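Keeping their order, the protein sequence lines are chains R and X.
Numbering follows our numbering, with no gaps: position 164 of the first sequence is 164.
Numbering follows our numbering, with no gaps: position 409 of the second sequence is 409.
Derived by calculation from the structure, the hints in this document are not laboratory data.
A hint or two may mislead.
Repeated chains share a single entry, so a pair holds when one copy, or any two copies, can fit it.
[Claimed, not checked] No more than 25 Å apart at the CA atoms, straight line, and that leaves these computed lysine to any residue pairs for SDA-like:
1) K52 / F106
2) K190 / N98
3) K335 / P521
4) K285 / H255
5) K388 / L450
Please read all numbers here as calculations on a predicted model, not as lab measurements.
2 protein chains.
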Amino acid sequence: MSTITKLNITQIEDGRSNSKSTKTPLSLSSDLIINATNCLSPTTDLHGRTYKDLIPYSSDMNITKTFLQAILNMILKYIEELNDHESPVIKNGLRTPNEYRQIFNFDIDQKGVDLNEILYNTEQILQTSVRSGHPRFINQLSQGLDMLSLAAEIITSTTNSNMFTYEVAPVYNCMEETVLRYMRELCGWKNGDGVLAPGGAVSNLYAVLTARHYAYPDIKQRGVMNSPRTVMIISKHCHYSLKRAAALIGLGIDHVIEVNPDQTGRVRGQDIENQICIAQQQGLKVFFVGITAGTTVLGAFDPIDEIAQICQKYNIWLHVDGAWGGSALLSSKTKHLLNGLNKVDSFTWNPHKLMSVHLQCSAILFNHPNILMNVNEMSAGYLFQPDKHYEITLDTGDKTIQCGRHVDVLKLWLAWKGKGIDGYAEHVETLLENARFLYEKVKSKAPYFLTLMDPPFINVCFWYIPPSLQNIDSTSLEYYNRLDKIAPKIKERMMTSGVMMVGYQRLDHYPNFFRAIVSNPATTKHDIEIMIEQIHMFGKDL
Amino acid sequence: MSTITKLNITQIEDGRSNSKSTKTPLSLSSDLIINATNCLSPTTDLHGRTYKDLIPYSSDMNITKTFLQAILNMILKYIEELNDHESPVIKNGLRTPNEYRQIFNFDIDQKGVDLNEILYNTEQILQTSVRSGHPRFINQLSQGLDMLSLAAEIITSTTNSNMFTYEVAPVYNCMEETVLRYMRELCGWKNGDGVLAPGGAVSNLYAVLTARHYAYPDIKQRGVMNSPRTVMIISKHCHYSLKRAAALIGLGIDHVIEVNPDQTGRVRGQDIENQICIAQQQGLKVFFVGITAGTTVLGAFDPIDEIAQICQKYNIWLHVDGAWGGSALLSSKTKHLLNGLNKVDSFTWNPHKLMSVHLQCSAILFNHPNILMNVNEMSAGYLFQPDKHYEITLDTGDKTIQCGRHVDVLKLWLAWKGKGIDGYAEHVETLLENARFLYEKVKSKAPYFLTLMDPPFINVCFWYIPPSLQNIDSTSLEYYNRLDKIAPKIKERMMTSGVMMVGYQRLDHYPNFFRAIVSNPATTKHDIEIMIEQIHMFGKDL
């Protein structure tokens, strides 16, 4: 077991007492300022300097250079620390809001703080952050910290552009068009539509909304009041955002029919078809079937081809949520998991998950050309003037449910450009290999570790069974109740100490279990072994 | 008239021909690499280096440092150029997608490109970008380039966090809570709820959705099918996203009643009340009234206090869209424009507009505590485990319509922290002073310039009347048709040359006119004079 470096909270708190004083300069790590000085500016100290010394308030670039150089040096230090696998995921562990209020002065004052205090605050943010890019952060969003994404985000924020019109973001719009076309080609679609959305939940909302519009184009104008009674059918293991979308569009959760998956987490085509028939017998119109490629907890892939044939038979829109598993399309070894995708109507795919692109980057793709404009168009004349001197179909703003839209494409494009098709295939295959290694390791640790199932993808689900539970009847209620408390307690201890993080949850009739997703390319087999040791160390006395 | 520096497109195109060659190293500006070398790394050349030489693929920090230093040097150069008011807004002017496809190789190749080519691409992006931070970019989103926002975005992307749970973003969640509380206090609310959303359109969607839930809490579960017939009443000058929200939630655009504003762009309380009465007589339930603080085109402020009293009388949810004008609350000289805000139910306010915070940062605020959780909660057990060791109300994910959510708060917090309450008051007052200067200048240029109205806020709306139209009857159809083509043609010429950008649009019965919004603190009175000269120069022969 490695020794975890423990930092002293008083370091942080001492700094904070300075931060309230306006007389003593803050104690920034000297190397940050020294490096900044050496590089780009003769100014050694930002104490007393304010935003008025920055561009554009000052026309002199010196302070701007020193300030941004200090920010860069700070993040380089953070990145270097992150690369030390033995460093903690949360320095000093997770704290309460009141404790963070002791460390930070969150309040806004009448007079702004100087740039030294700004830098002090940003350094504190890095010091106290939950380091999701750390190789031993094996929680939701364990995609690591990708340097190409990071570079892209710096450029994106510098150009501070907006996707809504071609005239302000011509290159980014061309880039998005290219990237979405690549993604659709991987789906096996000749044509289609799509957009980058702020997350998978919004992508799924687009899918539900578009399916409704496809079935009932006059709802946009007239509303649902006098429409036929409609329902959606989804797998019970679909992401909860599909139910939220149903609530949002006025369908109501009661009109979402959930089909139980089988033991492997896959919903069966026959069960979907049965529900379609039952709904039809009740005079309900099924306008949407939703299944998943890579379910949230188990990582299961519903049988797309089988269900697509059923949906074609009944002429029902089929949506596949591949927010997590869509990236399986990137390797020839895994793309078969999505067989039949060429026959579906819409597909959610989040590069910010398995492709390690920084949050937020989610694609909603449609196997129907030009459909989004019909669904969402409002033709706001102040923004999408019909008399522009360029082809107005290049303005993407009127096909989205947003108006202004952040540039999410550059980080994806740059990462894909740099890694290439081969690099991403290798990425997916390495993660799968690590998942397999983790699964075998966990299995070998029986009876203290118990796996839930042979992992269909990268998700590895298992229980830790402490010595105290080894001799209790595993079918008893006592066993269930006690086992249910084990994973939360271990996670609490992990987070309080800060050494690592692994997610857990209940599912169906199962008590709380760990779901380890190693989607960070920085995570090594050694880190995986350490994770197993840590769980045992934190859990053996429970 | 200043001389605009014209750059040579062959510089870009020559570079591009290199980019297709795998043999010749790309010609990056030498100062970028030289600076990077001097600062942080002995490596002089990234040619042949790939992402595999970066963290975490390599454990050596050297290449990562050189690479990110080059990115920083690149953006510093961009920022310095931006500060040269005489430089063009779009170097070489706006081009067609095919022309950008000539400059860039958007395609993803089997094998990734090296880091030199990555840097080459990012430099080209900066070279070809439409420089929205430029002092003479007076189009939508003219908020400038804010160094505190930029620094915050670099830190945000480095921590690559997610707002959905406290456990992964504790400090950012505490920060968001503070900032939203400040904003609510400025609204005059003692209590309430809110969240940062991906843009004003989504904020307005939250408002409509929440108002519906407040009136009919069972719609979430049962859907709207058997609910009473409902309508929304909005001003005709409200942002189009309110109608889009109506389409989205299943209400339908037909159930949005639009009230015409008066000549000053303000909707009258009496007209709203009349529509409420008519709707009630028809048996329709009005669940939502939407008005605006700072309309998109004219910048008009609807009389909030008057309309709030009417809504209280009829017990109807009142939403104010202050995406643009909400920031008037920041100065004691303008906050009276929002008198009565203490009585409304919800309020949209985009710091990414008038507060110069980088895109995307929009707040939706509610004058109702804990309301969002009721509206949106789905209690997904895998993410919002009920048995966490901390207070689960700190997890904001279950009150949003997103699941994962980008950290939008740091850029707002850091900018506010650095500028202080006084700094933002001064910011708003300076922009107003510039708007007043612009208005007076435009008025003084009659008969070639004709103002639409005395500006209620920062928006200054006017026509350019070229000499050829001076002697035509201004009430004739010919005059309307010819004048309608003037602003588009002038803007086309501006964009083709790249020197500057000013927005235009039609409104109601008015032919196309310019709407100049100077919300960039970098824009000077001299820039404003240049803008007027440029419009005349581009338009006088039309």
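Consistency of the hints with the structure:
1. K52 / F106: Within one copy, since 21 Å is at most 25 Å while 39 Å is not.
2. K190 / N98: between (55 Å within a copy, 21 Å between copies)
3. K335 / P521: within (20 Å within a copy, 51 Å between copies)
4. K285 / H255: Answer is both; intra-copy 10 Å and inter-copy 24 Å each pass.
5. K388 / L450: between (64 Å within a copy, 22 Å between copies)
In the structure shown, no violation is registered for any of the earlier numbered hints.
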